[in-house]
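Based on the hints, put chains B and C in the right spot on chain A.
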Amino acid sequence: MSATTAAWLVLAAPLAGTIVTGALFRRLPGRSAGWLGTGAVAVSFVFALIALAKLQQSTPAHRELTSTLWTIAGSVGVDARATILVDPLSVLMICVVSGVSMLIHLYSISYLQGDRGYVRFFAYLNFFVFSMLLLVLAGNFVLLIVGWAFVGAASYMLISFWYRRTTATAAGIKAFVINVLGDIGLVLGSFFIFRHTQTFDLVASFHRAPHVFAHGSGDVTAGCLLLLLGAFAKSAQIPLHTWLADAMEGPTPVSALIHAATMVTAGVYLIARMHPLFQLAPAAGDVGAIIGCLTLLIAGTIGLAATDLKRVIAYSTMSQIGYMIMGVSVGAYTAGLFHLMTHAFFKALLFMAAGSLISAMGGTQSLDRMSGFRRALPFTFGCFIVGGLALSGVPPFSGYFSKDSILLFVAGRGGWHWALWGAGYAGAFLTALYTFRMIFRAFLGEPCPEAAELIEHGHLFHPQAPTNPANGEIEDTDVGFPGPDHVVAERAWPMRAAMGTLALLAIVGGVVAIPKSTFWLDHFLAPAFADSTLVGNASNAMLAIGLILGAVVSVGGIATAYYVWVARPGLAASIRARFAGPAALFENKWYFDELIDALVVRPGAWFGRFAQNSFERVFVNGVLIGGSTGLVRAGSALVRATQSGILRLYAGLMLVGIAGVALYFLLQS
Amino acid sequence: MSTLVFFIAAIGALTGAIGVIALKNPYYSVLALVGHMISLAALFLLLRAEFLAAAQVIIYAGAVIVLYVFVVSYVGESAPTVGQNPGRMAALGAFACGAALVVELFIAVLGSGLQAISHDGAPYVAGFGTPAQIGTLLLTRFLAPFEIASYLLLVAAIGAVTLARRRRGLETGIEGRPPTLELADLLGLRPQGTGTMHEAGGAVEVVEP
Amino acid sequence: MSIAWYLALSALIFGLGAAGVLVRRNPIVILLCLELMLNAANLALIGFSRMWGNGDGQIFALIVVVVAACEVTVGLGIIVAMHRRRLPVDVDEMRELSG
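Residue numbers (my numbering), protein chains in the order written: chain A, 1 to 669; chain B, 1 to 209; chain C, 1 to 99.
In isolation and in its complexed conformation, chain A is listed as follows (with noise of 0.2 Å):
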């Protein structure tokens, strides 16, 4: 079995999961769709290692594979084929996607049960798993837009599950639109590039970018800007970010697989996959190095504010993914993707933990209710801990190392990159800053009414009427609403199973990138990036540095948390008081939605409404409609008239047809 028939059946896996899933959801019983669902992304891992055993055994020259089943369409220049690329950046991606995702399966298992849709959301998921690991494997820019696509779509009906709550169907809409706006940037930016080199082979269009773009023109800058149009919206970066805190109105599950660990990560992969072009465009790096620092600061500040936890770690995941871009915008393919791939891990196990805190406090997400769970829920506490540590960036974990090699390449690039690099330690500490806020009041203090019950008579709390969290409205736990079922880590071994397991990588995940340390993940990814002209030179002295200002800012950060939220009770309080100027603008997030409200909505509602009053109602259904129909009314009006039964009448037109066919005859002769 070659690499490309691994990765093949890693398409095939999921795919078949879905099919299988869909077709029999009404005859699959209890958890069995969940268990069939994990077990085809199980079995799509298991091939994704095999890819991977099996690259490692060609010549790192030999490296870069592909494969076409079949061609889509292959006339007037157009060359699109179901080909895949199996490079070691694929495989990486595809190692990391299934394996998160089958550890996600296997949560949700007992996370959803009891919800009356549990088939079509293993359905759902499954088909989630497919789309991206297509989008990872593309090996051309077809396949990729496809892969996009269909990712935006599980997304949106992920996103939707619960479709009866009227605050997650809006929520859906708001994502999915977003990223159709982004989607018209990759595809307008694919044919750019297609234009010019004439090919949507990723691996041949590669080949030729040199010769047919000058270095920095304008040609190759504007579409490697259309292609950081869809990377952002997709990744959720400043300005089409606003989607994101929204998503969140999806089961936790959903918001750990796609909107932390995979489908955000998206707009990353894309970078680091076209870094040939963006290498021909450095000004389109530098604008995707400065949206994703700007990213890491806004969505850390706004984090500070965020009251609602699944909120916090949306922002956060929104800030982590700005150092990835910052990362492979300024060259730093293998570190970015080394922090996509711990982020993953920490992120994934904090969305994992937060659903079972969710759960202990029967639906209600908002932080101001909860406190004192430390003893009620020790292993999702335990769980907290770790992926917070990892998330902040302290040593050993796996997150110190991959943000700081980041940062590290940034500072060797030099120049103005040293303010990226500043405001990279910057947002360390923010990160630190407000990830145990959210531990520390969720945790410690005094045990809520919630946690006082488990802790007590060890009765998970359950409301007396299901309430939507945003809005606090009655719901039922019919279909369309999550089932009545709460389900907390510490009863159910398949969340321990696999939070346990993130728990691990976390920890020790790290190890294959130490900085000037360790080489594995290096040597695995410099097949995919020997053409990289960006260099980050950076001095052992500088390597030092910036450990220990890693270690410090994370540190400092956690304790700072622990001395305004925990051991001076009214200091954040008062601390709101005095800046309240900054407090409101982080709490209402930067306005951004009430910028686009008033900049995109509301002057295209206007326009619509405009056009449907002036244009459409007169034009298109005054004259076009009402006008093509008034002149058939009135010609058969005026042909009915001819049928009123008057025998003389016909008799005339009898005679005027006869007088016309002689004149016809006459005027022949």
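It should be emphasised that the hints constitute simulated quantities derived from the structure, not laboratory data. Don't be surprised by glycine CBs; every beta carbon is placed ideally from N, CA and C. Do not rely on the hints blindly, as some may be mistaken.
Stated by the list, open to error - Pair by pair, the computed Cβ-Cβ distance ranges are: (1) C:P88 <-> A:G627: 57 to 65 Å; (2) B:A91 <-> A:G630: 28 to 36 Å; (3) C:I78 <-> B:G62: 18 to 26 Å; (4) A:F615 <-> B:A91: 33 to 41 Å; (5) A:V620 <-> C:I78: 48 to 56 Å; (6) C:P88 <-> B:N25: 16 to 24 Å; (7) B:V161 <-> A:G627: 27 to 35 Å.
As the list claims (entries may be wrong) - Below, computed lysine to aspartate or glutamate pairings styled on EDC-like, alpha-carbon distance capped at 20 Å: (8) A:K589 <-> A:D286; (9) B:K24 <-> C:D92; (10) B:K24 <-> C:E93; (11) A:K589 <-> A:D308; (12) B:K24 <-> C:D90; (13) A:K54 <-> A:E587.
Then chains B and C, alone, in the frame of chain A:
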């Protein structure tokens, strides 16, 4: 001499035609038509069609006009609601139509393409237009039209009788139900006395089973 | 007299008959006007027969007379039936042929 006769007959024909269309009383219209037919017979004679002139007078002016007279007597004067005057515009339109036709025909007849008819006709051959010639033609060259015309006459006669007979038996139906025709009616034996002219005339009382 | 005169006369009578069909409302008179048109056609036919010198036109005219007789018979039968059923004997009142 023949010119004179032609003009007298032509004026007679035209007068009759105008009388048909202009006179209000249908009796008078019928009489005008008679005059028209006689004039036309004279014109036929001028054209050496002796048999046809005679046939015109006997068949047309004789039988057909008599039929008209009978029907006009039966129907009588139309009810007062039946005004004989169409609207001014309709009348003008009608005459315009007729005029257009006439003009076209004039142009066709008298126009350029008709050098062939600007003479007096073929030399007269003795026996032209005589019953003998007509009869020979009817039974040799035009046998098929002759036979078919006789069939047509038969069909018309039966049709006229069927149309005009009294139909008391079918008008009201049985017990107020609308009359329906079923296959059994066509295939099976009808009750005695039904389906005859006797019944149509109302002389047979039929009791339906 | 050249044949043209007869043909002109035939055209005139035809036009008069056509006008009469359109103008009159009594169906009997309409049938009379139809007779006029048929007679005009006959005149033309016989004129042409005389012109060519063979009897074809006359045979045609004879058949026309036969057909006219049949048509008159059936038409008057309809009028009689209309009168029997107390329907108004007026062409404008009979509008069932509308579509």
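Structure-based check of all given hints:
no.: 1; hint: C:P88 <-> A:G627: 57 to 65 Å; verdict: violated (43 Å)
no.: 2; hint: B:A91 <-> A:G630: 28 to 36 Å; verdict: holds (34 Å)
no.: 3; hint: C:I78 <-> B:G62: 18 to 26 Å; verdict: holds (23 Å)
no.: 4; hint: A:F615 <-> B:A91: 33 to 41 Å; verdict: violated (52 Å)
no.: 5; hint: A:V620 <-> C:I78: 48 to 56 Å; verdict: holds (54 Å)
no.: 6; hint: C:P88 <-> B:N25: 16 to 24 Å; verdict: holds (18 Å)
no.: 7; hint: B:V161 <-> A:G627: 27 to 35 Å; verdict: violated (57 Å)
no.: 8; hint: A:K589 <-> A:D286; verdict: violated (25 Å)
no.: 9; hint: B:K24 <-> C:D92; verdict: holds (17 Å)
no.: 10; hint: B:K24 <-> C:E93; verdict: holds (18 Å)
no.: 11; hint: A:K589 <-> A:D308; verdict: holds (13 Å)
no.: 12; hint: B:K24 <-> C:D90; verdict: holds (14 Å)
no.: 13; hint: A:K54 <-> A:E587; verdict: violated (50 Å)
In terms of the numbered hints stated before, the structure departs from hints 1, 4, 7, 8 and 13, listed from lowest to highest.
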